[in-house]
Amino acid sequence: MSEVKLETLPKKLQEMFNRGFTALERNNIDYAIDMLEECVSEEPRFLRGWKFLRAAQMKKMKTKKVSSLSKAVNTAKGFPVYASAVALLKANKPQSAMVTIEKVLRADPTDARNGLLFGQAAAAAELPEVAILTLELVRDHNPEDVSVLSWLGGIYQKVGRMRSARECFERLCEMNPNDPNMLKQLKDIMALDSMSSDGWEQTVESGGSYRDMLKDSEEAAILEQEAKSARSESGVDALIEDTLKKIESDPKNINYRRALANFYLQKKDYPPAIEALEKAIEINPGDPELERTLTNVHIKAYEAEIAEKREAGDEAAAAEMEAQLLQYKFDDLQARVERYPNDFQLRYEWGVMLYENDYINEAIQQLQVAQRSVKNRVQALYYLGLCFGAKKQYDVAFRQLDTALKDLPIMDGNKKKVLYELGRISELRGDKEQAMDYYLQIYQVDIGYRDVSDKVENAEA
1 MSEVKLETLP KKLQEMFNRG FTALERNNID YAIDMLEECV SEEPRFLRGW KFLRAAQMKK
61 MKTKKVSSLS KAVNTAKGFP VYASAVALLK ANKPQSAMVT IEKVLRADPT DARNGLLFGQ
121 AAAAAELPEV AILTLELVRD HNPEDVSVLS WLGGIYQKVG RMRSARECFE RLCEMNPNDP
181 NMLKQLKDIM ALDSMSSDGW EQTVESGGSY RDMLKDSEEA AILEQEAKSA RSESGVDALI
241 EDTLKKIESD PKNINYRRAL ANFYLQKKDY PPAIEALEKA IEINPGDPEL ERTLTNVHIK
301 AYEAEIAEKR EAGDEAAAAE MEAQLLQYKF DDLQARVERY PNDFQLRYEW GVMLYENDYI
361 NEAIQQLQVA QRSVKNRVQA LYYLGLCFGA KKQYDVAFRQ LDTALKDLPI MDGNKKKVLY
421 ELGRISELRG DKEQAMDYYL QIYQVDIGYR DVSDKVENAE A
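The end of the sequence shown is residue 461 by my numbering, with every number in the run present.
If a hint is listed, it holds; no wrong ones were tucked in.
Each pair of labels, with its calculated beta carbon distance range:
1. S147 to N414: 23 to 31 angstroms
2. K158 to Q434: 38 to 46 angstroms
3. L47 to R372: 18 to 26 angstroms
4. K187 to Y328: 32 to 40 angstroms
The list that follows gives simulated cross-link-like pairs (lysine to aspartate or glutamate, EDC-like), each with its CA atoms no further than 20 angstroms apart:
5. K329 to E275
6. K5 to D407
7. K392 to D358
8. K158 to E170
9. K375 to E129
10. K5 to E43
11. K51 to D412
In short, the hints are calculated from the structure, not lab data. Nothing here was measured: the structure is a model prediction, and the numbers come from that model. We put the beta carbon where it would ideally sit given N, CA and C, even for glycine.
Use the sequences and the hints to build the structure in full.
Now the structure itself:
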């Protein structure tokens, strides 16, 4: 099932979510949980609702400071509910199983047994991202649980997040070094991860699978054939020869040319890969994804040449090529933004690049546009905070970062960096007490993050 966005929810559910969100902000946790739970029960595809529900449950759990004994008692009390959810899942009623097991997860969303069952039910209901959200939370609090790691790794693999899947199975192999099944799974994942990173566009972080890069089933069939081959030089050459024949018979088919570029990339043969993509763009001009792919191939070609220069000991030539690569990235991204001014992703990337090259006012202009995108809103606000901080407009910087923080219910890497920057800006504003509050929030969950331990411990000394 595809994820449902807030703006597409029925008005009743939008209002329910907004009430829950407001209650969470006001620390009315029980009411927030009630509203958010009812919202996702009626529309389980609403991933954002699940995120805020888990955040509210975690907030409530932390205030209770549940002991290991009371946790065990609660687990035992919840067994009848657990058994009922298992029965519903076996009866092929996964969404009902999710609603049922949620009754006990409400008290402890980190419980391994109940969280794993929820993840299994969500996966069966074709809601993999909902499953991942809960299983990641459970994994973080039960890092040695083999079943949780195994299921989480399997769902990562299913949605194409090969790097995350690989990390799960690497951890499993560390825990069970003599398990041949685990080792085989890790080898399979490593092969798929390699295929993904060798392809013409990274989709891992966006949660997509390698099939998401394809435009139709015909191209999918080509890549399936490639995946089943031994990936030897001769095997790829045979695939290239076959694809060239298909192009000869159907020269306007850009999917064949995409596939051809991918095969050349497997051989790290960049000039013909570039030529294939340039021809595809010539046939189908105005395709931003094709242009993005071509950009990535050019970058790979530069990087390969830099590596060759460095291996040959020609450091000066390598440094010169690196400067050329930076200039290429800058010029290429600027040109694509000019061609596609309504592409918020490009606006965001261009804003970040401008900031990193000290074009602060120009970066602000791009990031203010980019924040209209739901996908990049938080990151754009974060960089806006950095930009205004660089201009020493600390009050404006603080407001941008504080707005970003409100959209980050879970303590992940993004939230940590926003909190850290809020702390830094608060220090620059002269509010050390407020700065320490932000640093402490990070310190309580990740003592090793940057220099927060020094900041907190020195302040308390």
